[in-house]
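Participant: Please build the complex by placing chain B on the supplied structure of chain A, with the hints as guidance.
Read off the chains here:
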Amino acid sequence: MEAILDNFKFKAARALTELTLGPPGVIAPEKSSVVGQKCNKRALPEKNDGATSPVAKAQVVGWPPVRAYRMNSFRARKGEVDDDGCGIYVKVSMDGAPYLRKVDLKAYNGYKELRGALEDMFKCCSLGGEEGYDESEYAITYEDKDGDWMLVGDVPWGMFISSCKRMRIMKGSEARGLSSSA
Amino acid sequence: MAAKRKKELEGEEKPQENRISTFPDEVLERVLVFVKSHKDRSAVSLVCKDWYNAERWSRTHVFIGNCYSVSPEMVARRFPNIRSLTLKGKPRFYDFNLVPPEWGADIHSWLVIFALAYPFLEELRLKRMTVTDDSLEYLARSFPGFKALSLVSCDGFSTNGLASVASYCRNLTELDIQESGIDDLGGSWLSCFPDNFTSLEALNFANLHSEVNFDSLERLVARCKSLRVLKVNKHVTLEQLRRLLIRAPQLMELGTGSFSQDHKLRSDTELENAFSNCKNLHTISGLWVVSSLYLPALYPACSNLTFLNLSYAPLQSTELAKLLPSCPLLRRLWVLDTVEDKGLEAVGSSCRLLEELRVFPADPFDQEIMLEGGHSGVTESGFISVSEGCPNLHYVLYFCRQMTNVAVATVVRNCPNFTHFRLCIMNMCQPDYLTNEPMDEAFGAVVKSCTKLRRLAVSGLLTDCAFEYIGTYAKNLETLSVAFAGSSDRGMQCVLQGCPKLRKLEIRDSPFGNAALLSGLERYESMRSLWMSACKVTMSGCRLLAREMPRLNVEVIKEDEGDDIQAEKVYVYRSVAGPRRDAPPFVLTL
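Quick note, the sequences are listed as chains A and B, same order. Residues 1 to 182 (our numbering) make up the first sequence, in order. Residues 183 to 772 (our numbering) make up the second sequence, in order.
Everything labelled a hint here was simulated from the structure, so no lab data went into it. Misleading hints may appear alongside valid ones.
[Unchecked claim] Below 30 Å or equal to it, Euclidean Cα-Cα: the simulated DSS-like pairs (lysine-lysine) are:
hint	chain 1	residue 1	chain 2	residue 2
1	B	Lys740	B	Lys686
2	B	Lys221	B	Lys686
3	B	Lys686	B	Lys634
4	A	Lys91	A	Lys112
5	A	Lys106	B	Lys446
6	B	Lys524	A	Lys106
7	A	Lys102	B	Lys446
8	B	Lys446	A	Lys91
9	B	Lys524	A	Lys91
10	A	Lys123	A	Lys171
11	B	Lys309	B	Lys740
12	A	Lys102	B	Lys524
13	B	Lys686	B	Lys309
14	A	Lys91	B	Lys504
15	B	Lys329	B	Lys407
16	B	Lys221	B	Lys231
17	A	Lys91	A	Lys106
18	B	Lys446	A	Lys165
19	A	Lys102	B	Lys504
20	A	Lys145	A	Lys102
21	B	Lys504	A	Lys165
22	B	Lys524	A	Lys165
23	B	Lys683	B	Lys309
24	A	Lys171	B	Lys446
25	B	Lys446	A	Lys112
26	B	Lys504	B	Lys461
27	B	Lys461	B	Lys446
28	B	Lys504	A	Lys106
29	B	Lys231	B	Lys218
30	A	Lys123	B	Lys446
None of the values given here were measured: they were computed from a predicted structure.
Looking at chain A on its own, in the form it has when it is part of the complex (with noise of 0.2 Å):
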């Protein structure tokens, strides 16, 4: 007894090292390595180490203790925000404007989605929030890595909020000479 129990310990220590893509908290197939429910009655399937498919994981339900609305709030949450918790901060001017803001550049999904932010954001500064304001008369620009004034939305979204560093947005004939044509 003793021997089938230090051996199931062992099982679900080395079972918690396999990868799985499985849902958490739900018990793995009965072909895998499952720790705990059957420990105390059949002999632990050894044989079936390498029948077990690579995806279950040997997750034993309700471990650990963790209440299933928090798990859902978890996991609802990391489809929101990115993971590792650190936003990507940057300063953005806006010529005429009396203060700068600052944006999460994860927070946005692309290009699109940060210049509404920006139109939001300076609306209420844009030069006493006149009518007949065109946006296309200007232009929404970033200094790079290499202290390099690009224009937004030449490269990938990807790379460029791994290489932005501040934005400017600049108005009027300063923007003519970065805009580009279309």
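Facilitator: Positioned in the frame of chain A, the structure of chain B alone reads:
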């Protein structure tokens, strides 16, 4: 409106000299009104028959720790004037999917009896009960004076049920559905509160996934001037939160919505101002999707904070370290292990008054593939740091991946006043990672040092030795949780024989069999319940227990047809109501 106690004519009229008290029963009842604790009231009721009667007539709140230990009819017969009821249903391991969903603990049969017996019922507080929409509607319509509904870890209802409550409970003061598994059919329930409804004092819908109509919420908050608890869900943005805070600066408990970037936020200063206007805040929670950019807005609200629940906010250690100095009066702190040991060092240095710490795992199932190697999370060193800085610590829940015996011994030497010690080493059966020894000495140190210990959860590699320690020293222990531990029946026997105050014992996946089960024969009637799953108990052992102890309900949960010998899941509890009448087919009462 309380039911008046009639002077019972036969047998109750006693000559003066036979009475223990020489003042009339009505006076005794008036005095007993001040006895609130249900334990004290139980004691009062045992003094003599007069006191039993005076107590039962004056009792307004009943606490029932196991809904199957008594029937609603019995409760109604004994206590005529109940206004408030607290009921707990399923065994705690239900939270970890060890109990099948249709197990029971349905509130409806209670409501039906109470609609007749207690039409003036005001409060219902349920934990781990099944509550359907029909029941909620029945409740809302049957009790005109109903005030407070609290559903903790309940399930079976949807937002439609909430709509019924909002629509019909004119005098509602509290609606709290924390942690309940609710079928979310949309947020329109909140708009069901009538426009002239103003009595709300506490509202908690933090766990709901769907968005409520913000205008309705804002108007509700604005007109309920006594609102002191507001916990919103993550759909409420920072700007919306700011507007709510402006309306309700009197709030004492706040659950924020999403604390992340909000383009509509007018300015950070305005947010800070909204927070600093709330001078009565003692509890903050929520902080779903937190962006550290906005955390400083909280600081002005933290000066009187006693409870900070960051267990949904994956903060880094630096963010926590910056926040904590603003919370000098903090007594309870819940965090995720993303704060790591460094974060816990900050706790130790900033929170001298801390009494309770809970560290939850951000990634309990090891799903994050860590590029830099090694797991993040907290270790024994964070635990020690907290114990060094927080001498008043008496409640800990700590999830970690490694621990040592020496570390635990150090912690309890620094903090000998633990009443609740729940350590979860997430890797099953893991020994002391430095010495490779079992973790027996760790828990031995806990029970030797912490004489006031009432609740203990053990983990890691444990032999019977750990349980011998528990049985020898843990004389005040009331609740014990065991998983993947022990070497033989002796372990469980030591606990049952050695812990006189034990009330709840829950065991899973441990090698305790019939001998262990039966050694507790004398004990179970003084306990609330015993749970054993995936142990070595057999059907015949359970049948023997049931036969010897007729006042216990011995229930076996049989999920697969295979085995007629092993008793996979056993739930034993005392009951004056006899066997369950609503048991599903997979629950066998022996």
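Participant: Hint by hint, say whether it matches the structure.
Facilitator: These are the hints, each one checked on the structure:
1. Lys740(B) - Lys686(B): Given pair Lys740(B), Lys686(B) holds - Cα atoms ~22 Å apart, limit 30 Å.
2. Lys221(B) - Lys686(B): Distance of about 16 Å is within 30 Å: holds.
3. Lys686(B) - Lys634(B): holds (17 Å)
4. Lys91(A) - Lys112(A): holds (18 Å)
5. Lys106(A) - Lys446(B): Holds: Lys106(A) and Lys446(B) sit about 18 Å apart, inside 30 Å.
6. Lys524(B) - Lys106(A): Roughly 25 Å between the alpha carbons, so the hint for Lys524(B) and Lys106(A) holds.
7. Lys102(A) - Lys446(B): Cα-Cα ~14 Å, so holds.
8. Lys446(B) - Lys91(A): Satisfied, since the Cα-Cα distance of roughly 18 Å is no more than 30 Å.
9. Lys524(B) - Lys91(A): Status holds; Cα separation ~29 Å.
10. Lys123(A) - Lys171(A): The hint holds at about 14 Å.
11. Lys309(B) - Lys740(B): Holds - the C-alpha atoms of Lys740(B) and Lys309(B) are around 24 Å apart, at most 30 Å.
12. Lys102(A) - Lys524(B): holds (27 Å)
13. Lys686(B) - Lys309(B): holds (16 Å)
14. Lys91(A) - Lys504(B): Given pair Lys91(A), Lys504(B) holds - Cα atoms ~22 Å apart, limit 30 Å.
15. Lys329(B) - Lys407(B): Given that 30 Å is the threshold and the Cα spacing comes to 16 Å, the pair holds.
16. Lys221(B) - Lys231(B): It holds: about 18 Å lies between the C-alpha atoms, which stays within 30 Å.
17. Lys91(A) - Lys106(A): This hinted pair holds, its Cα atoms lying about 14 Å apart.
18. Lys446(B) - Lys165(A): Status holds; Cα separation ~24 Å.
19. Lys102(A) - Lys504(B): holds (20 Å)
20. Lys145(A) - Lys102(A): holds (18 Å)
21. Lys504(B) - Lys165(A): holds (25 Å)
22. Lys524(B) - Lys165(A): holds (28 Å)
23. Lys683(B) - Lys309(B): Cα-Cα ~23 Å, so holds.
24. Lys171(A) - Lys446(B): holds (23 Å)
25. Lys446(B) - Lys112(A): With a Cα-Cα distance of about 17 Å, the restraint between Lys446(B) and Lys112(A) holds, given a limit of 30 Å.
26. Lys504(B) - Lys461(B): holds (21 Å)
27. Lys461(B) - Lys446(B): Satisfied, since the Cα-Cα distance of roughly 25 Å is no more than 30 Å.
28. Lys504(B) - Lys106(A): Distance of about 22 Å is within 30 Å: holds.
29. Lys231(B) - Lys218(B): This hinted pair holds, its Cα atoms lying about 20 Å apart.
30. Lys123(A) - Lys446(B): The hint holds at about 11 Å.
The earlier numbered hints are all upheld by this structure, with none contradicted.
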